[in-house]
Structures are given as structure tokens and as C-alpha cells.
Amino acid sequence: MAIILILILVPGLVRATALEQLRDMRHKMRIEFERQRKERNIVRQGQDIANSRLATLLQIIKIMKTKIEAQDLRLAQFEQQLANVAARIGPAQLQTEHHDTPALEPASTIDFFDDAAEEPLTQPRPDSNLSSPIM
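Quick note on numbering: the sequence shown equals residues -16 to -1, 1 to 119 in mature numbering (1 follows the signal peptide of the UniProt record, and there is no 0).
Check each hint, because a few of them may be wrong.
Using C-beta positions, here's what the derived DEER-type ranges look like [said to hold, decoys possible]: (1) Arg19 - Leu57: 54 to 64 Å; (2) Arg10 - Ser36: 34 to 44 Å; (3) Gly74 - Glu53: 26 to 36 Å.
Calculated directly from the structure, the hints in this document are not laboratory data. The beta-carbon is built from N, C-alpha and C at its ideal position, and this holds for glycine as well.
Full structure from sequences and hints, please.
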């Protein structure tokens, strides 16, 4: 009789254990699936943010390109106006006249501090229009 009970109960126990293992595996797989879904959502959100920033940068680049093109156009107009003025004036008048100007001393020979070295620093210089020390 014990053998009959064992033959009847053992397959039931085996099936119950197998069903419990399947439930555990299904639960673990569901948890793993949810984790992967959350990761995909995070990656998707990151991609959306990156795409938004890229779109913003492209708009900025288009604006800058438009500004540069406008500056190029203004420069070309200015150059054309300059050429028109030069054509009206004539090439002879555009040449600079040479005046006899005295040559300046080289900077190395000029003594910038010769006046200041003779006077004390605490008194205002006579040519100074400051009547009191600066506070």
C-alpha cells in the first residue's frame, strides 16, 4: 500500500515542484523584462534630449550662417561704394602727399621719467591741476 501511495503522490509532488519552478522562472523573467524596458526608456529619453539639443544647435548654426551671409553682403556693398568713390576721385588724388615732417626720436632715447625723478612723490607736480591728494 505504501508503494501505491508513493506511486500516486510522487508524480503529483514532482508536478507541483515543476509548476512552482515555472512560476518562479516566469516571475524572474517578468522582473528582468521590466528592468530592460526601463533601461530602454532611459536610453530613448537620452536620445530624445540629444536630438533636441542637436536640433537647437542646427538652428543656431543656420542663424549664424544667415548673419555671416548678411555681413558678407554688407562688406561687398561697402567695397563697391568704396570703388565708386575711388573711381570718382581719380587715381592721382588718391596718392598721399609727402610732407616734410621732422623725424621723431627713437623710443629708446626718450627719457619719460626725468622730470618725475627730480621731484618728491608726495607733492603734486606744479603743472598738475590737482590741488589735493587723491583719496
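Results of checking the hints against the structure:
no.	hint	result
1	Arg19 - Leu57: 54 to 64 Å	holds (57 Å)
2	Arg10 - Ser36: 34 to 44 Å	holds (39 Å)
3	Gly74 - Glu53: 26 to 36 Å	holds (34 Å)
Hint compliance for this structure: no hint is broken.
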